[in-house]
Amino acid sequence: MDKPLKAIVKGCIKHNPQSQRELYEMFAPKMMALCMRYVKSASEAEDVLQEGFMKVYRNLKKYKDTGSLEGWIRRIMVNTSIDHIRKEKNHSFQLELNEEIASNQQEHIVSSLEAEFIHSLIQKLPDGYRVVFNLYAIEGYSHAEIGKKLNINESTSRSQYTRARALLKQQIKEAYLIKHPYRDAI
Amino acid sequence: MPSNEFERHIRQKMEGLSYPPRPAVWSSLEKQLKLQRRSKAILWWFLTGFVLLALSSAAIPRMFLPNASASAAQIALAQAIDKEIPVSSSSLENASFGSDSTQDHNLSSSSTLTNKTTSSQGQATLGDKKAASGPIGTSPATYRSVAARSGSHSPQAHKEEDQPLALKQNKHTESDNKIQADTYVSRLLPAEATFSTPEHESSLPLSVSAKRIIQQNRSLKDFSLASLSTDLLEIDATWKEIPILPIHNKDKFSRWWLGASVRTEWSDNRTFKQFGNGNIGFQDITTDYSEIEGWSVANPFSPLNQPTPVYKVSFPRLSNSIRFIAHYDINGRFAFQTGLSYQRSENGELISGLLPGDFRPNGIVNVSDLALEQESSYKFRQERLQVPIHIQRLIGQGKHRLAIGAGAAFNFNLVQGDENIQAIGNGAERQVLLAYEAIQSQLEGALQYQYLIQPGTKIFAGPNYSHFINGAFSGRSAPEQMRYQLGFEVGILWKLGK
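Protein sequence lines correspond, in order, to chains X and G. Counted from 1, the first sequence has number 112 at position 112 by our numbering; the numbering is strictly sequential. Counted from 1, the second sequence has number 217 at position 217 by our numbering; the numbering is strictly sequential.
Okay, chain X solo, but in the shape it has when bound (with noise of 0.2 Å):
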């Protein structure tokens, strides 16, 4: 951690509210990219990116200088967002695959799959093909992690996984041939 970002967690420990504010004008972007990954909706996002800077703020005292501090950070929201998508479905996830979900892709204009196209895919996968997603492929924990954390069977995350990946897959091909379509498909 370098000494300015040390300064910041300080500050935050004492709940100076200029610290405050570097902290999360540093952070909330990228988490805010994370947050929408896993909720459907922008203000949804929102809602999560403030309740996980409280919960920052709150247990910034308990965290080690030992790891990065943005790892910390992105482990809150990614908690965060997982509690908040259980609220609000009030439930376990949903594990079906919507086969509704595919069919009105090709609406979307895409110039290129740049980043944000990706994500705005990434968002529209089902919630729980969504989470399972964005926990084993881009946080990088295991199945048996995932099972553990939401609760459902390691051979359950590993076949969303797969259900997931196949219908991204899918998605970014088409999507690829509307914005190249005398090319091949990947």
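Hints were generated in silico from the structure; no laboratory data involved. A hint or two may mislead.
[Stated by the list, open to error] Cross-link-like lysine-lysine pairs, in silico, BS3-like; alpha carbons within 27 Å at most:
(1) 62(X) to 13(G)
(2) 13(G) to 149(X)
(3) 31(G) to 30(X)
(4) 10(X) to 61(X)
(5) 40(G) to 55(X)
(6) 14(X) to 34(G)
Chain G: place on chain X using the hints.
Same frame as chain X, now just chain G:
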């Protein structure tokens, strides 16, 4: 762990991605953080105050009566005076006020020495209890050092100038009734506690008070120094000059007036906070004040659901209140006014709109599913009970007078709202809002022309200005508080008594 190209590619893309949240998110977060800090600060404030009070209760008598001892006779005398029962001369003779007594000072007995006067001979007499305590409102905790004033009886009496302020000897003699000076200290704390949070600094000496009271031609001068400073309140010093009046003299009551007035107030516009967060929305408020506020159309397909520009047309608000007034002429130059006013404002239906996506009126109802159509209505009513406290400087005599007043008012607000949210596909939801705003403070200044139309009846008229201290103890943020209010008040006062 994922290891193939597809996952690596996705991860790389996602790691570099960032979406700046709307500025409103930080504002909301900041509010939550402030609230958290304030709650902590208030808790500390009370804890510190409690500890200091507890310590001071034990420490003060020891500080100011270091050598004084109360003999059994003294205590009996003090208690007897307190109860206003006859005291036998033998017990008076036996009363020893000397500092050479070795008996331990009794803390509770020092408190009972309040309100006593002694003669110049050191012989305790029942003094004018009221003169010492009644009109100036001495608190029960206040005490005067009887032992110190009776120092002539003590072989080791301190010289007057060597004594602490509280122990200075009373110069009063029975033949000098016109001038009676006494100084005493109430609740003088030796220390000041200061605590601070990054945005909040408060000092807490609680009530430090030093009083110099001079009775001269039936008037008391009372200088109090008190310091109580928080982010909500700061009191530094007060100066009072209060006439002493015989308790059964009806003149006392003739200084009181009761009256009523009508105020018409013109305030800055009021807006509704956090009311509406949709992409398309419109609200129209046209009741006792006029205001149009809305959101222009933005791109409803924006992936970020960005907030849209706000446009607003607002007009000043006019409202009326009725105030019942108690007016007291302190000494012809100053007057004290207080009262009670009631005001009620209400507006009708407020919102209708077509709102795709999320709509969070007031942050209370969250219809987060993809509703294609929503209707909302909101009725809002605020009832305000106000207690104003004014000190007026009176200028002029006879029939015409000008009063320049300043003071504060404390408002007790009840906010009621009624929301009815309907969303196609989501059924209907209804919420009723009810909230108290315990205290909303305001500072006031007023100019009044008073005219005595006949003995005992005066009318007054004049402008007033109120500056609101927003957010003080306010538990909710539905209606944004007013910042200021200009008013004009007309009223009449009837004299009580003869």
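Are the Cα atoms of residue 31(G) and residue 30(X) separated by 27 Å or less? holds (22 Å)
Under the criterion that the straight-line Cα-Cα distance not exceed 27 Å, is the pair residue 62(X), residue 13(G) satisfied? violated (31 Å)
Take the C-alpha atoms of residue 10(X) and residue 61(X), compute the straight-line distance between them, and say whether it is at most 27 Å. OK: residue 10(X) and residue 61(X) at ~8 Å, within 27 Å.
Given the hinted pair residue 40(G) and residue 55(X), is their alpha-carbon gap at most 27 Å? Holds. Residue 40(G) to residue 55(X) sits at ~17 Å (cutoff 27 Å).
So if I understand the rule, the pair passes when the alpha-carbon distance is 27 Å or less; does residue 13(G) with residue 149(X) pass? Holds, at about 25 Å.
Is the straight-line distance between the alpha-carbon of residue 14(X) and that of residue 34(G) 27 Å or less? Holds, because 13 Å separates the two Cα atoms, which is no more than 27 Å.
Comparing the model with each numbered hint stated earlier shows that hint 1 is the single one that does not hold.
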